[in-house]
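With the sequences and hints as input, model every part of the structure.
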Amino acid sequence: MVYKLNVTPPDLQECKKFEVYKRGLTAWAAVTDVPKEKHGNVIALSLPNKCKSGNDLREQILESLSPEDLSRDDGLEKVLNYLTSELGKDAIDDIIEKWDDFDSCKRGEQQALEDFISEFEIKQKQIRRLKLKDLFFLLQTKKSLVGLHQSLSIVLHWILA
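The sequence shown runs 371 to 531 under the working numbering.
Take these hints with a grain of salt, some might be off.
[As the list claims (entries may be wrong)] For lysine-lysine, the following BS3-like pairs were computed, each having C-alpha atoms within a straight-line distance of at most 25 Å:
hint	residue 1	residue 2
1	Lys493	Lys406
2	Lys476	Lys493
3	Lys476	Lys387
4	Lys493	Lys420
5	Lys468	Lys493
6	Lys392	Lys406
7	Lys408	Lys392
8	Lys493	Lys387
9	Lys386	Lys468
10	Lys420	Lys392
11	Lys387	Lys448
12	Lys420	Lys386
13	Lys420	Lys448
14	Lys448	Lys408
15	Lys408	Lys420
The hints are simulated quantities; they were obtained by calculation from the structure and are not laboratory data.
Right, dumping it as structure tokens:
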């Protein structure tokens with residue numbers, strides 16, 4: 371069976387997190403009809419110059435990567451590497467953000483129970499994906515937590531469950 375899809379690349383400004391944008395680009399590359407050697411150019415030209423993630427992104431990429439680099443089969447990879455270096459978080463910030471996001475997950479007064487459970491499970495899965503050493507580091511940096519040992523045992527239970 372042959373599929374002909376007219377799929378546009380994800381919009382960086384519409385994605386809440388850079389990691390989601392990267393996953394969207396990977397999915398786009400897998401289903402688009404655009405030839406692989408044009409992926410880098412298409413994405414570079416689709417980037418905004420001004421957005422919440424950073425200013426002059428398109429110009430920076432076009433200045434940093436040559437037309438030859440963008441026109442190769444690995445052009446998209448080069449664009450992603452550049453964007454990751456500019457917009458990606460370092461590992462520690464990512465771990466802390468995921469933990470804080472999970473730790474602050476509370477049901478809103480008007481939120482349906484099913485919606486809360488779904489949101490909680492998504493955040494719990496993100497925590498489970500973290501490595502054990504990362505969680506120990508996180509808990510050490512949050513020494514002001516009440517019941518540190520209790521928090522540690524809960525985290526270990528989730529990981530090992």
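Here is what the structure says about each hint:
1. Restraint check: the Cα-Cα separation between Lys493 and Lys406 comes to about 34 Å, which exceeds 25 Å; the hinted pair is violated.
2. Taking the CA atoms of Lys476 and Lys493, the gap is about 11 Å. The hint holds against a cut of 25 Å.
3. Of the supplied pair hints, the one linking Lys476 and Lys387 holds, its CA atoms being roughly 21 Å apart against a limit of 25 Å.
4. Distance check on the hinted pair: Lys493 and Lys420 sit about 30 Å apart at the alpha-carbon level, beyond 25 Å; violated.
5. Using a Cα cut-off of 25 Å, the hinted pair Lys468 and Lys493 holds, with the two alpha carbons roughly 8 Å apart.
6. The hinted pair formed by Lys392 and Lys406 meets the criterion: a straight-line CA distance of about 16 Å does not exceed 25 Å.
7. Of the pairs offered as hints, the one joining Lys408 and Lys392 holds, with about 17 Å between alpha carbons and a cut-off of 25 Å not exceeded.
8. For the proposed pair Lys493 and Lys387, the alpha carbon gap of about 14 Å is at most 25 Å, so the pair holds.
9. A distance of roughly 14 Å separates the Cα atoms of Lys386 and Lys468; the hinted pair therefore holds under the 25 Å criterion.
10. With a CA separation close to 18 Å, the supplied pair Lys420 and Lys392 stays within the 25 Å bound.
11. With a CA separation close to 20 Å, the supplied pair Lys387 and Lys448 stays within the 25 Å bound.
12. Proximity of Lys420 to Lys386 is assessed by CA-CA distance (about 15 Å); at most 25 Å being required, the pair is judged to hold.
13. Our distance criterion of 25 Å between C-alpha atoms is met by Lys420 and Lys448, whose separation comes to about 21 Å.
14. With a C-alpha separation of about 12 Å, the suggested pairing of Lys448 with Lys408 holds against the 25 Å cut-off.
15. The straight-line distance between the Cα atoms of Lys408 and Lys420 is roughly 23 Å, inside the 25 Å bound, and the hint therefore holds.
Checked against the numbered hints listed earlier, the structure breaks hints 1 and 4; every other hint is satisfied.
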